[in-house]
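Protein chains: 2
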Amino acid sequence: MKLCMIGVRGHYESVLDALPARPAMQVAGISAGADGDDVAPLVRWCRANGHAARVFDDYREMLDAAHPDVVVVAGPFERTAEMCIEAFRRGAHVFSEKPVAMTLAELDELAAAHARSGLHFAAMMGLRYDPAFHTAQRAVRGGAIGEVRLIDTRKSYKLGRRDAFYRSRRTYPGTIPWVGSHAIDWIRWFTGREFETVFATQSAQHNRGCGELETAALCQFTLTGEVLASVSIDYFRPQGAATHGDDRIRAVGTEGVIEVSGGKVLLADGDGERELAAECDRQIFRDFVAGVEGGECLISAADTLAVTEACLLARQSADEGRLVTFGERGKGGE
Amino acid sequence: MKLCMIGVRGHYESVLDALPARPAMQVAGISAGADGDDVAPLVRWCRANGHAARVFDDYREMLDAAHPDVVVVAGPFERTAEMCIEAFRRGAHVFSEKPVAMTLAELDELAAAHARSGLHFAAMMGLRYDPAFHTAQRAVRGGAIGEVRLIDTRKSYKLGRRDAFYRSRRTYPGTIPWVGSHAIDWIRWFTGREFETVFATQSAQHNRGCGELETAALCQFTLTGEVLASVSIDYFRPQGAATHGDDRIRAVGTEGVIEVSGGKVLLADGDGERELAAECDRQIFRDFVAGVEGGECLISAADTLAVTEACLLARQSADEGRLVTFGERGKGGE
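For the protein sequence lines, the chains are A and B, in the order given.
Note that the first sequence ends on residue 334 in my numbering; no numbers are left out.
Note that the second sequence ends on residue 334 in my numbering; no numbers are left out.
I should point out that these hints are in silico values taken from the structure, not numbers from a laboratory.
Hints may contain errors.
Since the list gives no way to pick out one identical chain from another, each pair is judged satisfied if it fits inside one copy or across any two copies.
Derived EDC-like pairs: lysine to aspartate or glutamate, alpha-carbon spacing no greater than 20 Å straight-line [stated by the list, open to error]:
hint	residue 1	residue 2
1	Lys264	Asp163
2	Lys158	Glu259
3	Lys158	Glu147
4	Lys158	Glu196
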């Protein structure tokens, strides 16, 4: 199985983590995907780990020359959809940084290209493999809290120093699709329900020279069955905090409440309150390859597309200051 | 100073807690305010504590006969505004259960009656006097987290057994104004800002025979200066949980984050993370009396009316499924 890697932005390291255990999987090509992005560390890693990867200036040339089975997309946000589409057109499965599209028009084009291809497609929703979130989700879907009625989520990041591409909506999808995408994914993943409406707000104040980057945002979703869900997002986590992110979820059900906080999973139900052991025996890229091979995996193409749509509709709600109904844009064309 | 007490629903015990230290303050009259509500325990308390309180069937007769300086209103929700207005008309200060009105029309009438009276008026926002919330609010307003940008709040209650009046909107204001009012009050109190818009959702599913009572709700406010705030409300707290309520706030500022959770106050800022000692040396009814006497107190009439308006507009948003802008109803009449 041949791999091509486009870009070194985002979470492509999860691919490298999985390769040593799969010697039959070879990195055949590397392309920066954006002028000025430095692929040298990735090239060094390949040489040190027995991958005879060629480096290409143009990622399309690479796809044509290397005939990869799998393409890893972690280039500039504004070219993610295009890169995924080019890969599908050449018959390659795609493992992509999220969000997989910057606009709804791009998303529709990407969804159509994927549907025609019949190939595997997954976004880098790495927090599905975090031991605490993984354990909590399995408990909830296993019935530990009865029927889920309400979900609250939190994504709080340090602002730190940000590359220039974070400053503009041309090169950064906005904070709701970038930071919030994980939380929006959890909501759908924990409930197994589909989104119906979203209202969101955001503010770019106090972003320390980061242009248009929003430093705070809130989303409020309603899912099928009147399940309510909230997302709280900010870039104000103090620089001195122990971890980069403060990631939390609280799922409230008819029979109990489960919370993930600080890497711990706490369940409260009729038997009292107790901690569940956090564990995950899966790895995101290993799982992706299982999906390629027709096996079971955690992140489907349907998940990838649905979460991207939810991110973009939430951003639209915040941009336009109005309630957005899922499916409303489809209706205009009928 | 003479006191009359109308009704035994809600948090009137905070009045009794404050009386032993103020022997000059006498309970002169008691009225149930609702057919079937039992005032016997309150009458017994008065006898045991040296208050020669007369019991009246009709609260208006009581107000006319007893000439109280202060009226405590904790009767049926649907008569709260009327009872407050009748007290103001007779020149009495009012300490009332919240929300102080069930509808915006009632609220406008009440605000006008209060404005004409020049009397002190405060709702029973008891959680302002909770040591943890009190300490966190003082830290935030003292600048501990810089400028507040985002607030997340939680009110989670056990459903337990509920009196029949909780089952109908005629006799219960809805879960957003009843349970959520505390959180809505915190948001304004912690930020010192005014509300601009609200979007809210709610569901009455799985309320175990409680009629119209909503078991879950979310509110999302925007305040002046693009400050964002969320409220999460539910009645699904497991019966076996250690406390009736799980009350939380998280205020995110430009220089730090403060959280109240489980009665503890945690501050994270440039110096790391630490717990603040939770303390409050004030008592809500003692504070109310200080306000009557022209002194400093935590809950003003302006707070009482503004929070009630925010509760009712949030409920309206959820009922009508639309974004509600504060001040929009005033504009029609200009």
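Identical-chain pair category, lysine 264 with aspartate 163, by Cα at 20 Å: neither (32 Å within a copy, 37 Å between copies)
Intra/inter-copy verdict for lysine 158 and glutamate 147 if alpha-carbon distance must be at most 20 Å: between (34 Å within a copy, 16 Å between copies)
Within, between, both or neither: lysine 158, glutamate 259 at alpha-carbon 20 Å: This pair counts as between: shortest inter-copy Cα distance 17 Å, intra-copy 22 Å.
Within, between, both or neither: lysine 158, glutamate 196 at alpha-carbon 20 Å: Classified as neither: same-chain Cα gap 31 Å, cross-chain 28 Å, threshold 20 Å.
Checked against the numbered hints given earlier, the structure breaks hints 1 and 4 and satisfies all the rest.
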